[in-house]
Structures are given as C-alpha cells and as structure tokens.
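Once you have looked at the hints, place chain F on chain C.
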Amino acid sequence: MSKRRSDWQSRPQNRVRQWFHNGFLALDDEIINQVTKETLRMDSDSEMDKHQEMLDSHRHERTLALERLDQYNIQAWANTRGRKALSRIYVTISFVLAFVMIFFLLRTVATMPRFSDPNAPTNNEVMARYIEKGLEETGAVNIVAGMILDYRAFDTLGESTVLFIAASAVLILLRIDRRKDGTPVQELIAAESDDRHYEPRSDRILQGSAKVLVPIIFLFGIYIMLNGHLSPGGGFSGGSIVSAGLILYLDSFGFEKAGKFFTYKTFSWVSFLSLSFYAIAKTYSFYCGANGLPSGIPLGTPGAILSSGLILPLNIAVGLVVACTMYIFYALFRKGGL
Amino acid sequence: MFELLYQNIEQTVSVILFGIGLTILLLQRNLIRKIIGLNIMDTAIYLFLASMGFIGGRKAPIVVDGVTEVSAYINPIPAGLVLTGIVVSVSFTAIMLALTVRLYRRYHTLDIDVIALLAKGEDA
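Sequence lines, in order, name chains C and F.
For the record, in the first sequence the residue sitting at position 276 is 276 according to my numbering, with numbers rising by one throughout.
Counting from 1 along the second sequence, just add 1000 to a position and that's the residue number in my numbering.
Hints should not be assumed to be uniformly reliable.
Output of the computed footprint for chain F on chain C, the stretches with three or more beta carbons under 8 Å from beta carbons of chain F [claimed, not checked]:
no.	region
1	115-126
2	136-147
3	170-179
4	268-282
Derived from the structure by calculation, the hints contain no laboratory data.
From the three backbone atoms N, C-alpha and C, an ideal C-beta is built for every residue, glycine too.
For reference, chain C alone in the conformation it holds in the complex (with noise of 0.2 Å):
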C-alpha cells in the first residue's frame, strides 16, 4: 500500500494534475535546472547553486509581470461606463467601414468584364507581346518563368532582397546570443527549458518518417527549382519545398544535429553569395541589352534543361535565398537562434 502511495507520487496523472494546480511552475524548474546543466556542463549541484540566483530573477521577472497586470485591474478597467461607450461605439463604426467597403468593392466588381472573357481591357498587347515573343526572346518554355526572371527580373531581385531584409529584421528581433565568455543568458536559458518542454525530443515515430520523407522532399524541392523554366514551379516554390525539408529534418533530429550543416555562417554567405550573384547577373544582362550589345549568353534549344540563359541560375540563387530565409524564420521563432 505504502509502496502504491509512492509509486503514485510519479505517475503521470499526478504530473497532469500538479501541473493544472502549480500552472507549469513545477515542471519549468524541473526543466529548467537540467536545461542549465546541460547548457553549462556542471555535474555537481554546488556549481548549480550560483545560477539559482538568475533563476530566481528570471522567475520573479514573471510573476512581476503578472502582478501588474492583476494590479492594473483590466476588469474593472474594461467595465467602466465610458470604456463600453467607447468600445461600442468603435465596434459600430468598424462594422459600418467594413460594410461599405464591401459594399463599394462589390458595386466595382458588378461593372467589370465577365471572368474569363478574352476581350477583358487586362488582356492587352502586354499579355500578347509576353506570349508571342517570350519563347524567342528568352528561350523559356514557361512564360512565366520568362517573365519574372528576364524582362522583370528587378522586381525578383526586390523581392529576394525583401525577404533577406525580413530575415534580418527578424533576426535581430528575436536572436538570443551567449555572453561574450561563452555562458548563457537566461533567456537563453528560459528559451532551451521552452523548447524542451514543448517539442520533446528524439521522437521515434517522427525520426523513421523523417528519414525516408526528408530525401524525397529534397528531390522534390530542388527539381521544382531546376526546372522553373520548363514547367510550374521556379525559385520561390522549390525554395520553400526545400525548406521544409529543413524543418522537418530540425524538428525530428534537434539543433544539434541540424548545426552541423546549418549555421549563421552559412545562413549568411549563401544568401549574400545568391544575392550578389543575381545583381552582378542581371546587371550584365541590363547594361548589354541597354546598350545593344550581344550578351553572349546561349539561349540553348527551349525544353532542354541547360536552356534559357540566366534564368536557371537565377532560379536557383532565389531558391537557396528562399530556403534559407524560411529556415532561419523557423529556428529564430522556435528558439531564438540556430
């Protein structure tokens, strides 16, 4: 009976139930003290002694932070007389916005030409100098390809160069760095004991998937780029496929393992290597058809895979600039660093 009693001290309902009754106090110091042994490499408990100050402080930032909230008395706040005025009268004026939008877009639409109507004004000599010219002029199968990447291939590079930038500003947002000696914060600390509590690891089911599915997407992913100039697909698209090929590798093997191939030095040299390749690319490009000069970039047969120029190349400097940038988001949002 004694026995049963202790036995269900550690059983997992008793877990469940002490983590309703302490709201993930109990469990977080749990992890948090075997986060911060890990991530300093102490064995003894001594050395643990001096970082239960800054867990202490961390903690305290929290429940001070609470406290505020519950001091603030947001009930009593939002229930006062002039607040639900307020409030109404915010909701109504949204609701009548919102309706005379739609109202105004739909009486816009009601006068426009019938979806799929060939003689649409959209249609015009743009749309038909595209479709005549840009197999000759660009020798890629798929217009679109043609187009985005050759005669509007600023844009994409504003594009590229936009992700890159949300990928920095995020980047600064929300990376979590070690001191300069090498010891961790303690949002770095809070950040590890975060992802440990809730992405488990080592997951057996996930690692088998992972195995056989990671390869396949990768295929996937990088014919979609290769051949974004012969059929649907392009840099963006297979960036994003090869992308979550990454997550899906991440997520089932950790950052440990994802590290070795997967750093900010790579992060950043394959970006600023894709990125400058396309401007120096196109720059060239753009001074010899300015200038009319000959460029002396084979055009090749169209539908070979070697074929259309730059536009391969410059699918492929999208598409790296792409899965990196959507890698990056993820660790960054998952754990505030790579």
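This is chain F only, laid out in the frame that chain C set:
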C-alpha cells in the same frame, strides 16, 4: 446587380473575403488574430488577381509544341504579380510575428488594449 455579381463569382468571393479580413483586423484585440486577418486580406487579393488572368478554354502559359499564339494561353502577368504579393506577405507576417513575440515577452499578454494600458503606465 446580383446577376452581374454571379457572373464574376470569383471576384465577388474575393471582395467578401477581403471584407472579412478587414473586419477581423479591426475588431479582434488579440495581435495574432489581427495578423491572421491581414493574411486573409492577402489571400483575397491573390484570388482576385488570379481570377483576372484566367481566360476560358485556354491553357496555362507554358509553351507546348512551339505554339506561340496569343489565343492559345491565358494571361501570364497576374501570376507574376501574385508571386510578388506572396513574398511580401510572408516577409511582413514574419516581422509582425517577431514584434508580437517581443511584446509578449515584455507584457505577458497579447491583448492590444492591455498592452497599450501597461505601456502608458510605464511612461507615467
């Protein structure tokens, strides 16, 4: 008017989706839901653009058997515009979510009104 709207059912649906997204953006106080509303508005725009490029009975703009006549393919331009839109929407969604994470770390709430209240209390 309803008959005309029914003829352009894709555009009608996209306009209504846009309105739904706008309403979510205005009325939800949770920051993540506001971002979802913005994304619904984006999706409505993609649907609108894609439906503008479609021409009945024609094929996707990928040259088959060397046929380069205008009457054989649909309009390729909206596809390129949708691509630009998707990339920009992904970027701004990521930045807004990162800002939301920072706000949550500081104030431990996602309610925009409460965050404004707490920030006002900090200034005083």
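Taking the hints in turn, this is what the structure says about them:
Proximity of the region 115-126 of chain C to chain F, defined as three or more residues with a beta carbon under 8 Å from a beta carbon of that chain, is established by the 8 residues found. With 6 residues bearing a CB less than 8 Å from a CB of chain F, the region 136-147 of chain C meets the requirement of three and the coverage assertion stands. Counting residues of the region 170-179 of chain C whose CB falls under 8 Å from any CB of chain F gives 3; the rule of at least 3 is met. Counting residues of the region 268-282 of chain C whose CB lies closer than 8 Å to any CB of chain F gives 0, so the stated coverage by that chain is violated, three being the minimum.
Violation of the numbered hints given earlier is confined to hint 4; every other hint is satisfied by the structure.
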